[in-house]
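The listed protein sequences correspond, in order, to chains A, B and C. Per the working numbering, the very first residue in the first sequence carries number 1; after that it's consecutive. Per the working numbering, the very first residue in the second sequence carries number 1; after that it's consecutive. Per the working numbering, the very first residue in the third sequence carries number 1; after that it's consecutive.
Don't read these hints as lab results, they were simulated from the structure. Predicted model, so just to flag it, every value in this text is computed and none were measured. Check before you lean on any hint, since a few could be wrong.
Stated by the list, open to error - Mimicking DSS-like on lysine-lysine, the simulated pairs with C-alpha atoms at most 25 Å apart in a straight line are:
hint	chain 1	residue 1	chain 2	residue 2
1	A	Lys272	B	Lys111
2	A	Lys894	C	Lys29
3	B	Lys144	A	Lys272
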Amino acid sequence: MSALRSPKGGRIDRARPLQFTFDGKAYVGFVGDTLASALLANGVHLMGRSFKYHRPRGLLGAGSEEPNALVTVIRDTARRTPNLRATQIELYEGLVAQSQNRWPSLQFDMGAIANWLSPLLPAGFYNKTFMWPRAAWHALYEPNIRAAAGLGTAPSLPDPDHYAQRFAHCDVLVIGSGPAGLAAAKTAAASGARVILCEEQSEFGGSLLDDRNATVNGQAASAWITDTLAVLGKNPRVRLLTRTTAFGYFPHNLIGLAERVTDHLAELPDGKPRERLWQVRAREVVIAAGAIERPLVFPGNDRPGVMLASAARTYANRYGVAVGRRAVLVTGCDAAYEAALDLVAVGAHIELIVDVRPKGYTPGPAEKAARAAGLKIQEQSTVLGTEGTLRVSRIKIAAIDSNGVIGASRSHACDVVLMSGGYTPSVHLHSQSRGKLVFDDALGAFIPGKTAEHSHSTGAAHGVQGLTALLRDGATAGAGAATAAGHVATPIMHTGVALDGNMAGVPGVLPQATSLPPTKAFIDFQNDVTTRDLALAQREGFESVEHIKRYTTTGMATDQGKTSNLNALAFIAGQSNRRIPDVGVTTFRMPYTPTTFGIFAGHARGDLFDPVRKTPSHDWALARGGVFEDVGMWKRTRYFPQAGEDMRAAMDRECLAVRNQVGMFDASTLGKIEVVGKDAAEFLNRFYINNWSTLGVGRSRYGILLRDDGFVYDDGVVARLAEDRFHVTTTTGGAARVFAMMEDYLQTEWTELSVWITSTTEQWAVVAVQGPRSRDVLKSLVSDMDLSPEAMPHMSVAHGHIAGAPMMLFRVSFSGELGFEVNVPARHGTAVWEAIYHAGQAFGITPYGTEAMHVLRAEKGYIIVGQDTDGTMTPDDAAVAWAIGKAKPDYVGKRALERPAMKRLDRKQLVGLLTVDPQTILEEGAQIIASAGQTVPMTMIGHVTSSYYSASLKRSIALGVIAGGRGLVGQTIYVPMPGRDIAVIVSSPVFYDPKGERING
Amino acid sequence: MASHTATAKPTIVLDMSWLESPAHTTRLSFRGTPAAIAAASSVFGVPLPTSACRSATVGSRSALWQGPDEYLLIAPESERTLIIQALTNELSAHAHSLVDVSHRQNGLIVKGPHAVWLLESGCPLDLDLSQFPIGMCTRTLFEKSEITLWRLAPDIFHLEVWRSFTEYVIALLSETARELAA
Amino acid sequence: MLVIHCPYCGDRPELEFSHGGQAHVIRPKDPSQATDAQWAEFLYLRKNTRGLFAERWRHVRGCGRFFNAIRDTTTDQFVVTYRAGEQPPASVVGGAL
Ligand SMILES: [Zn+2]
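Chain A with its partners taken away, still in its complex shape (with noise of 0.2 Å):
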């Protein structure tokens, strides 16, 4: 066993060790280590380079506020995970990790070159340097930075692994495990309330994990855990979650929590998703966050081997690891010679403990036991800088006078340094919600102030300090939780014996001989943000700390200022002769730590993205090789090639069997709506442009819609079912707006009207039987129903039997062809098809998909809302102002329509467009100009909206949009396209059958 390991205690299994490899060596931990324990075991501390300067860096925590110590960590070729904290890796047999922001290795890295330019690389430094020439961004700057700059690289492969999600619900959410969380939980589910309990880390405990002497109710701390979790594991009220952080404080208290499922296993069980995302709705959140111990700001603060005191503790007392042989503890707080006692505890020497207070403070509990223990303290002194090259070997010490003046230094050998400027409590997920925070002068930091939300802070996260206090704070909080979520509670309280050192502290930045050291001293480790860095950018006038924070970048990004925070706002408080609370706090954002893209995904990757839907043809046009496209969530058969054919062959084919023969195409998907009530017809005369109260029984009429600012939304073809009972169609995009729309004028403006409205979209499956023999085929198949051009005349709509099912038929077309639509009730919609299918064989009936079915109705100059149409449209610019009910005294949109500009002569109207050269096919979306030769910018006086080749006419074809449009039929206009203008003829957009006469078969 490495010297570094205590023969006993701690939380870690000396009968079960674990191979792994760092950087490409072999090493050996514990079951119960994380990665950064079994490093310290192994005598490792360096594990990272700095995001910016590339310093070497150790550890500075041990847990998720470690700013340094981020590792890449391979299971395989595409798990790679980059910029995990060593200090919550939990070991595994086997584990690989790799230490990332160096090349080509750890201990000499040459972007280090970057420390020694660093006078080149002030706060601002991207912002003043690259701002000219523009063009040197893209091709110098940007990767060049990228490169040099940065952390981890993201995985090239697509992710592998699952990710779940669920919602959940409970009374009262307790955020952290600790002596306050576990205290809290305990009584909230005393009282019956449902209780979540989550814990960042692998088991509960909290800091009572990290005191080897602490007792509650006279048990040893970690029996009183054992016994709680099992009262809390026998409660079905109460769920427990760990390696679960509680990442995001959301509106109406909905917390989002992170759960790692499988990263800390050797093996990936199937089935169990690596991590879970909780959606907790809680009536309560209790935060029990605890409280994170500040660095100290001196120079070469940064070196491995300098870390918080509060790290040290945990290393030796949980996982049985000494973090150094001789060790020097600089602090500014009691709380932090509990550190030095622990690491006798576990055989290290304390070379010298330093106290940077002023003479004249009240010693503290830690203290004196430290001194009773014969430590060596030197008082009221600072630090004047660290040596060492990869981990620090020699602090240099020097005392401060009662007049503040710095003496001589002295050097003191050391392989660590323990650090303590006092704690911080976690008012992230408080500052989140929107609480209020307000400093408590007594300890020296922000504590939480009034709340936002259904919240209560608690523990040290509340700045309450000693271990009875702690219990009782949380007990009296989850009991005011789970009262103010409705039960009855009374605080279960506990009697805690610890050394309960005090936490308070003082601002980090200690005395130095100059005001500004010639050294690094660093504030914000992770983001390489030193105290010149904050005294420049006060310098140059950056007074409002968000704009000191986004200028240097202090407190950004990943670490959320844990560590960093408070330092940085003393420092700029003593800049500027201000009080820490007089400078402000900047908004604490989510995530508390960094989550993965894959918890936010979910199931909605690759297939599961959306809803697939599919129409009754769907695997009967999948088994004949129908190439599909999506529209909307549908997907569409776009065409059938048939062998060797490719697109434009396939719709060639299809296009010229509707007009020479039969087609048959799958519409199911266009929306469906059932108006019903005795004020039907008039809720859509109301509603649609058209007159629906002249429409008979049984037959239809093509709608449009507008909106009241009178422009198309929708269209489709409306059919009177009974006096009282319409079935409306929509565009497939447009059923659930049109749906909505309906709802809203029926709820909230005629609520008069006695009419109900139902989808009836899925009810039908529709299947197009289109062209000159659809009669026949449809003959073949009706023997209830008389389709002879008398009884089922165009724009009729009638109910038989076809195939065995009931149908009701709709003689209609958007080919221009003799056409019906057979609706059945979907289910039978597959066998309709298929009888359609073999009963039109005999009339070389042919499947058409989406690219035909646009090629015919585009030859006919029938308009597709939102293709032909955008948003600002007229009934009059898409030329089917025809179809207005001209002596309706109202519909949605007329108004609109009366006003100045809806009438101008220029505004954009539909019209034809055929090029000179008939193959020339125009690009859809392409802008139209009205002479040639024009430079940029050109006048665009329009633009094309749907452009085919259409193989009836053995030409292309094209619909557009020109201003004032229809005075240029039979003129020139041109269509710039890269090297060419292309001339384009304007033209009716009826180009086929213009009098109309094969619908009629």
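Given the coordinates of chain A, work out where chains B and C with the ligand should sit on it, guided by the hints.
Chains B and C with the ligand alone, transformed into the frame defined by chain A:
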């Protein structure tokens, strides 16, 4: 697109005993005035609930509250014509709308000790019995699909899902069920 | 994600709702009598209130009803919700309308 659904992990034999597809039924969307609702109750033989998000069942027929003027009437498939005719005839004096939506949606039964766990993966409602008691029914969401969720027993839920969303809902539930298989 | 109190269904998650813009914007009974300016105001002019704001929601993935709410736009807290066609309680009207 690469599939990551249950088929991608052949080592798991997925237990699907939590899912059942009930027989096809008659589904009618009934909307109308309070008088029409009262009249429909006696014709249909089930009192249409006037409390929000509640259902009523008599024999093989159920009425599910969908909105203050909207109900989903569920009955055996064989009774469709009979019920439509009866309601149409008896309610002629009352303003209402009756629309056959039998084929619009599918029924699914999610049952067993993990029913709530499965549903909580995509439904944002609190499914605790105190908040979502037996007999409660409501439209809501399951991830990106609208569903009607109806609790038949502590661990039995009936879902009504629009036809083209059914595959999606089953696939998502199965994805969550993989966690139980492991 | 907010919790919104549907006047019919009770407290439900925001996911089930769609926002319907400013409340109490009344479509003129006879639009032909409205001047262009009045019609333009009806169509386009909306408040952008800091504080209590009357807005419409629809419980689209629930009972389907449109209803009104008074929400404080600075805190996202709802003061009250009430059915379409109703006026908000006089005690909270203030600047919301
Ligand atoms: Zn509702």
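Here's how the hints hold up against the structure:
Between Lys272 (chain A) and Lys111 (chain B), the direct Cα distance comes to roughly 21 Å. Compliance with the 25 Å bound is thereby established for this hinted pair. Distance hint between Lys894 (chain A) and Lys29 (chain C) is fulfilled; the C-alpha atoms sit about 13 Å from each other, no more than 25 Å. Among the hinted pairs, Lys144 (chain B) with Lys272 (chain A) is consistent with the structure: their alpha-carbon atoms are about 23 Å apart, no more than 25 Å.
The structure meets every hint from the earlier list without exception.
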